[in-house]
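Chains A and B, in that order, are what the protein sequence lines are.
Using the working numbering, the first residue of the first sequence is number 1, and each one after it goes up by one.
Using the working numbering, the first residue of the second sequence is number 643, and each one after it goes up by one.
These are calculated hints, taken from the structure and not from any lab test.
Remember, predicted model here, so these are calculated numbers, not experimental data.
Take these hints with a grain of salt, some might be off.
To be verified - Result set (DSS-like, lysine-lysine): computed pairs, CA atoms no more than 30 Å apart in a straight line: (1) Lys28(A) - Lys279(A); (2) Lys936(B) - Lys425(A); (3) Lys28(A) - Lys818(B).
What the hints assert, rightly or not - Residues of chain B clear of chain A, computed beta-carbon distances all greater than 10 Å: (4) Ser726; (5) Asp763; (6) Gly904; (7) Gly1044; (8) Arg1072; (9) Lys1212; (10) Phe1230; (11) Tyr1292; (12) Pro1302; (13) Phe1352; (14) Ser1366; (15) Ile1370; (16) Ala1414; (17) Asp1421; (18) Pro1426; (19) Gly1440.
Claimed, not checked - Chain A side only, calculated, beta carbon under 8 Å to chain B, not exhaustive: (20) Leu23; (21) Pro55; (22) Ile56; (23) Asp197; (24) Thr198; (25) Thr201; (26) Asp366; (27) Gly367; (28) Pro370; (29) Asp447; (30) Gln448; (31) Trp626.
We put the CB at the ideal spot given by N, CA and C, even for glycine.
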Amino acid sequence: MKKRLLAYIALLGALVFSQCRQLDLEPKGIMGEPELFGTEYGVKMYFTGLYNWLPIEDFQYYANDGYRKNDWGTEKNSQGAMSGEYFNTWISVDNDGFGYWPYDRIREVNNFIQSFPNYKDKFPDETFNKLMGEAHFLRAYFYFGMAKRYGGVPIVTEVQDPLASSEVLNVSRNTEYDTWKFIHDDLQFAIDNMLSDTKETGRANKYVAAALMSRAMLYAGSVAKYTESLGFKATELATQQGLAGMEPSQANEFFEYAVAAGKVVETGPYSLYNKLEDKATNFARLFLDDSSPETIFLKEYNRNSPRGNALQHNYDALMSPAPDMSSFVGAESFVPLDFMELYDMPAYTNPDGTPVRFDSRGDIRDGMEPRARGTMYLDGDELRGKTFSIQRGIYRTFDGVATDIQRGVNSAPINSNGNRILGGKGWTTEINGVTYTITGAHGNFEDQGGENNAFGSAFIRKYINPDMATADVRDWRSDQSWVVFRLGEVYLNTAEALYELGKREEAFDYIAKIRERAGAKVVRPAIDMTMTNIGSINKANYTYSLEKSLQFIRDERARELYAENHWWWDIRRWRTADQILNNFRQRLLSCYYVADEGKYIYLDEDNRFNRQWNASKSCYYEPIPWGEIGKNNNLLPQNPLY
Amino acid sequence: MLAPLCGLAQTRTIQGQVTDAQTGEALVGVSVVANTATGREQATSTDESGAYRIQVSEKATTLVFGYVGKTTLTEQIGNRTSISVQLADEAGQLDEVIVTGYSTTTKATLTGAVSSIGGDDMIRTKNENVVNMLTGKVPGLRVQQRSSAPGDYSTRLDIRGMGDPLVVVDGIPRDKDYFSRMSGDEIESVSVLKDGTAAIYGLRAANGVILVTTKSGGDMGGKVDITFSTNTSLQQFLNVPQTTNAIDYFTLRNERNWQDFGGNYMVRRNALVPEEQFQPYLDGTLTSYNWMDKVFKKTTPQSQHNLSVNGGSDKIQYFFNLGYSKQSGSYRSDDYNSDRWNMRSNIDAQITKRLKARVSLGGIMLNTTKPNGVDWTAYKNTWLTRPNAPFYANDNPQYPNGDPQVLNESVNPMVQTDADYVGYNLNKDRRFNGTFQLEYQIPGVDGLSAKGSYDYAVSLPDYHNYHRVFTVYQYNRDSDTYSPIQKGTPATVTRGVNINNNTNMQLGLFYNKSFGLHNFNNFLLYEETYSNWDSFSAFREMHVDSEYLFAGADANQRAQGGGVGDRSSKSMVGQIDYNYAAKYMFAFKFRYDGSSRFPEGNRFGFFPSVSGAWRVSQENFMKDNVDFVNELKIRASYGEMGDDNAAGNYPPTLGYNLDPNAVGWVFNGGLQGGVTTQPIPNPNLTWYQIKSYNVGLDVSFLQNKLNATFDVFQRDRSGLLATSGAVIPATVGANLPQENLNGDRNYGYEVSLDYRSRVNEFYYNVGGQISATRIKRTDWLETPANNSYDYWRNRTAGRFTNIWWGTESGGMFTNYEDIRNFSVPQGQGALPGDWYLNDWNEDGVINDQDNHPIASIGLPVFNYGISLGASWRGIDLALDFQGVHGVFVKYNELLVEALPFGEQNTLSFFMDRWRPVDPNADYFDASTEWVPGFFPVTGHDGRRTGTNGIQSAAYMRLKTAELGYTLPDRWVSKAGVKNLRIYFSGYNLLTFTGLDHMDPERPGQRINNEPGVGDVDLYNYPNNKTYTFGASIKF
């Protein structure tokens, strides 16, 4: 019996081993390195993820949360909203950052730079060099994302083995100077190796690398020149060790790099956008025309792309008022008066202090700089077949001067006793037998919060795509491109760097080009070398003095680059953020109908929510991520004031 | 009561005595029933001396003796006038067959911690989801129904808090989704393997195993039973809060406006909603619109029908089942529905004397349709819709309102829940499986048989999402016109399909034999499985009015691939199960398991378990001396198991994933998908390991009337996957591999008690069970703490996993004086009615540092159930209570503050709030008098943070109440009916809980990514209570 049992077990065993089902399955959907690095298309696939994760502050950037957020509210938490460039009710200045630490992407680039030479024989030299150059461009971009936040960071160029000893893995920070130098060297490599072929939009070439260099080196130069004014050196170890801060003597080197990079860009096939007669529309179109000759590098979107790629956005849905211009939440961000008045503007107060009487609300546009009108929508402008209608309220009578409103408080006599009438959405009031709608169709509604309400008199126009049908303006339906680098910015970079280098006239040659296109009244203002320490926004009291013409160049950046996510970085590198955002209570231009006159007036008021922005001195350097310091003490000392 | 009917017949008297077969003692209260050929005639019971007398007619043929705990005995009367009998102990539960994985055993000889429940006990609970039928009935099995949405089936299920268990149906591994969609009428029994004996399922047994056995035909001598059962239910929805009417809404808005110190500083603001707006609602010119009633129904129907055919002879036995169920949703549009077909066929054939074959087929088809794009927003949007917003523009039913002045983003929930406007989502869930099995009694070795089976299962879900363009209107009073507002352009259609194939093959030798008192139940078996899956979808914009893909536009069309992959496993499984005289039991079970998910060299593992039991009650010293104990068994088990579920689908390899859904870039207008880097391979990667310990005791008293089971268990997991990113500097930048690093332990106990008895013909039973579980992290890789506070606050190693950190709420300020004198300075805007937080660390400020453990997060610590049953003659009653204890939730958004979304509506319970006695009083005037309420002043926080913000979600509810009546055979047999039962049943009829406004079973799942935890998923579809009327008829 035992024998038989054994025989049967043997039979079963034989059956088992004759089975063909294998446990070695071919993994599906996984590619090896030779397939990727051995062909130009494969390299492009490899780079795709790196491009997708570049630290570009675009529509999908959450100011205090990171890149590529893929969250529907990005527009209200944008950098403009965070830094006071927009008025809205959502977020305030973030001094801490979000722990940006993209060494995973840097490892991918390093891996490419290390392994790609093994495939050199598969490519013509020109192609090989071009792709190598592109890798250096990508790496520099990631380091730039960190350098502007932390100053000096560890420069890792090797593909590290995670099992290596802690001496190898516990890297130290490089100095801020070395970090910016490293970015320069990578970009110089990219410029030297990449081609001048600009046909493929959305992809780096020699000029894109130069444009990044122009921006990065300008930042580095400013940091070197102005960090001293913060006085960190007395107390802060990180500054003493050169990890957070540079010497003023190192500034000119970087300004010169910036100028040189700008010159490289100028050798490319670029020109300022001037396709349309109407300067306002021309300026607005610049951001929507993918074939603009001004664009150097474009991040294109695609509304049908898988959501995981974060390549569609909600800009139109969240910047246009609902329901007649947006079918989603509606507008979330508005232009404060502080920024409006940087541009040429018509007077809204008479010399005697009384408000100017306008026949219609839209008359505020008369005499306004065309560039401003291309940047913002005002009453009477049209979008998606509808006309903006923006009014805060009604004065039964207005028999005083503008300052009588005491910045708009209820307790001002002129605002009390029912003389000033404010109201909710759609509310009406009757005055002497005539029924008036208290507010405009697009605001400013007392009974509504921050969503879909007009605060002030201007909606943001830059980047709004007027060609979408309103019913289509919903979440994740927008896919207009983000202009990462454009010639206008490079001109401004060059102008500022030249001015810092003392080449004042040459600098204003560039400013003139910008202002000419902008349609400004004075194209080339005279150079004014008077020193001042008072800034334009919030009358900021800088800790250092500068020539008035340099302040003009800085203001020109604010005008030209409004809503392009530059302002925050600019006031940081100038080391003026803590003074500009020092109880910065944004002012709003509010339009009222004066019932007994049948006229309109515009008044300068404090914002309704008494919101004010404050940046502390710690905002100039974000803290090195604390968790990383927990793992690696060599990252100490921590950045100033943490 | 039947006596008068028999009065005319000639009668005779039968008498006798009933004694216990084991002890010889008289049995008191034994029921004695006289039956005729067609049915029951007369009944009585035995007296104190065990004697009975019964008058019967000539037609009476049999006497039936019944007694709880004893085998029922039927005696032919013949000519006898004296019939004395002895009743033997009913093996009853002890004889019950328990499925233990690849084989069966009896309750008496069971060595593991296995709970079992019969299909009849399950279907007592009337629900569309069989998992919900198990709630509170099986010790250690935790069930939480989170939604009663049609076609949802999202009920959570775990064993002893261990995570998703393996579900095996008729010997083939399936999953919870398959199980939950089965028909209750096709289930014979469910066994739950809770301890180390689950190791027989090796790599997938980590979280315990649920074994489902479907019904089979029996040898009925060629006869057949045809059973038709049907029921219809009315569903009502539990804890659906209502919204405020216009007056209350305006009042709250004004109050919120006035509580803001900054806004009212110096000069008080005007009323946000002035008197004129109240007036029309006060004088009745205008009435509030009740959107909740407009969008949702109070009751909606549900029904289930089932036909089963069951019969056979010694050669062939069969069971066929066809079930249909339909559930309607709460939307008044009637566009949220689900229906399900179940089909099952089990056929056993004795082909030759030694060869048996079995063919099992199963099919499930579930269709769910709902309006496009609403889902969780349906309740939220309706709660938020203002009571002064008309349903229709100008109340003209031709024009659904979309006026953005009153409707946020023109969202009209009446329209949003109506598929005629927004389109629909149709999901079709289809699963089919077929198993063929042969069993051969091997000649020459008695008790040896070979068994082979092959199963093929396919699941083919597909979906059709039709997104329509629709129009709502704004009424222009000036011109008496309606402006259309078009929503949702362009129309789109998305079609998608998933394809899943699974095969399972088992070949084994079984040896089942007794040598005298030595009993063996051994087997050795080979099993292999293979699964593959693929999915894709297509999307097009629709510019013509069509819901079909082919009519869509070419521009912007999109095809997307989903997951694709495959997986295989090979295993040897065996057991040696021995017992001596059913007194000493020992079992060794093992599985040698290999999985394609791990690298070669680390893919095979050996998972053994040993278990043993001693039936002390079978020993003579017990039998002779302790007669009140009928059964006493001590059990112990130890098992080692693994789990490959957390691992990737393929062994780690160097390379790059094609990942167009995660990374992409547009080069020159063309969208390019990219790659993501695979983690660095870890050649040592393997499954996590489990050591499971269990000690149990089964005991019966009082002639087996009282049965009790106790179990104590502990499960240690080691090698849980983690990446060492927590300790390796991120500057390495590597996508670090998963490693087997972490460990945890869960432990607890279970107790169940069951008492069954009778008084004359009144049978009753009382049962209860309770289980408790906690989980602790034993080894946990974490970033080193920066300091001791950081360690205390943020590290988890060595602690329970379910600590809820928060601040401690103090009391409520009741007057301005309290605020001024409070030890910690309060903000300028503080008002009576505000809650203050305690300065727990006494540092003079209230901040994050005052956080400390305040409650437990996660699934309940204690789960219990109580079952009560009774029957008298044809009437039966069953009550199942179920409850949990030691569980906390936190509300947010709409449930925690009035007017959370600006001008939108709020829930009516916020009216119970602090407010000035004089509505127009200045909030910041110290002489203002206040009316206290549950909530602070509208607009003030206070029930959101700290211990105030969390609430106990402990509850006990009457899950099931059923009252049935089986019509007497005499009545129905004339119609050729064997059995007819009608019943009335209720589900979730009563709930006892301290939780307001929300169903305690609905807590959602957010905090710390712990499953099933934390914030209430307040917007999802509610749970229901149902009233069911049904009948089952057997021919």
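Here's how the hints hold up against the structure:
no.: 1; hint: Lys28(A) - Lys279(A); result: 55 Å, violated
no.: 2; hint: Lys936(B) - Lys425(A); result: 25 Å, holds
no.: 3; hint: Lys28(A) - Lys818(B); result: 26 Å, holds
no.: 4; hint: Ser726; result: 48 Å, holds
no.: 5; hint: Asp763; result: 38 Å, holds
no.: 6; hint: Gly904; result: 6 Å, violated
no.: 7; hint: Gly1044; result: 7 Å, violated
no.: 8; hint: Arg1072; result: 24 Å, holds
no.: 9; hint: Lys1212; result: 6 Å, violated
no.: 10; hint: Phe1230; result: 17 Å, holds
no.: 11; hint: Tyr1292; result: 4 Å, violated
no.: 12; hint: Pro1302; result: 6 Å, violated
no.: 13; hint: Phe1352; result: 40 Å, holds
no.: 14; hint: Ser1366; result: 7 Å, violated
no.: 15; hint: Ile1370; result: 5 Å, violated
no.: 16; hint: Ala1414; result: 36 Å, holds
no.: 17; hint: Asp1421; result: 18 Å, holds
no.: 18; hint: Pro1426; result: 5 Å, violated
no.: 19; hint: Gly1440; result: 18 Å, holds
no.: 20; hint: Leu23; result: 4 Å, holds
no.: 21; hint: Pro55; result: 14 Å, violated
no.: 22; hint: Ile56; result: 11 Å, violated
no.: 23; hint: Asp197; result: 11 Å, violated
no.: 24; hint: Thr198; result: 11 Å, violated
no.: 25; hint: Thr201; result: 5 Å, holds
no.: 26; hint: Asp366; result: 30 Å, violated
no.: 27; hint: Gly367; result: 33 Å, violated
no.: 28; hint: Pro370; result: 30 Å, violated
no.: 29; hint: Asp447; result: 6 Å, holds
no.: 30; hint: Gln448; result: 6 Å, holds
no.: 31; hint: Trp626; result: 7 Å, holds
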